[in-house]
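Student: Sequence:
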Amino acid sequence: MLPETFEFVLGQIAERLQRTANGNEMISPEKQFLIALWRMATPDSYRSIHTRFGVGKATAIRAVRRVTQALCGLASIFIQWPTEEKIEEIKQGFSHVGAFPGTIGAI
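Residues in the sequence shown are numbered consecutively from 1, following the UniProt record's numbering.
If you are wondering where the hints come from, they were derived from the structure by calculation, not from laboratory data.
Hints are supplied without guarantee of correctness; some may be wrong.
What the hints assert, rightly or not - Computed Cβ-Cβ distance ranges for the label pairs, DEER-style:
(1) Thr51 - Thr103: 40 to 50 Å
(2) Phe8 - Ile90: 19 to 29 Å
(3) Thr103 - Lys57: 40 to 50 Å
(4) Pro101 - Arg62: 42 to 52 Å
Note that CB positions come from ideal geometry on N, CA and C, so glycine has one too.
Can you make the complete structure from the sequences, with help from the hints?
Tutor: Encoded structure:
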């Protein structure tokens with residue numbers, strides 16, 4: 001992930017990663033995001049992740065859960081399904097580039 005992308009996404013979710021009530025001091029939104037990215041990008045266990053980042057295992061689990069929920073909360077802003085007209089336009093575009101009738105997307 002590019003540093004600019006990291007900063008952009010962190011800017012979108014940071015507020016959702018901060019506690020509003022009193023309690024134990026939370027780890028920073030940046031560290032929570034780093035922990036979650038590490039968990040999502042590697043096959044590492046929470047045991048190795050909590051050691052790597054210097055937090056408790058439960059803290060690492062909660063960080064991943066918080067980040068995942070924050071990202072899901074933004075999904076409707078960044079993932080938008082096309083309208084019926086746009087679907088037809090996309091289908092036409094795909095039919096012109098190959099033999100993929102009815103295709104409305106590709107990765």
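Student: Hints first: check each against the structure and report whether it holds.
Tutor: Tested hints:
Taken as a hint, the range 40 to 50 Å holds for the pair threonine 51 and threonine 103, whose Cβ atoms sit roughly 45 Å apart. Taking the beta carbon of each, phenylalanine 8 and isoleucine 90 are about 26 Å apart, inside 19 to 29 Å as hinted. In this structure, threonine 103 and lysine 57 meet the distance hint of 40 to 50 Å, their C-beta atoms being roughly 44 Å apart. Take proline 101 and arginine 62: their Cβ atoms lie about 47 Å apart, and the range 42 to 52 Å holds.
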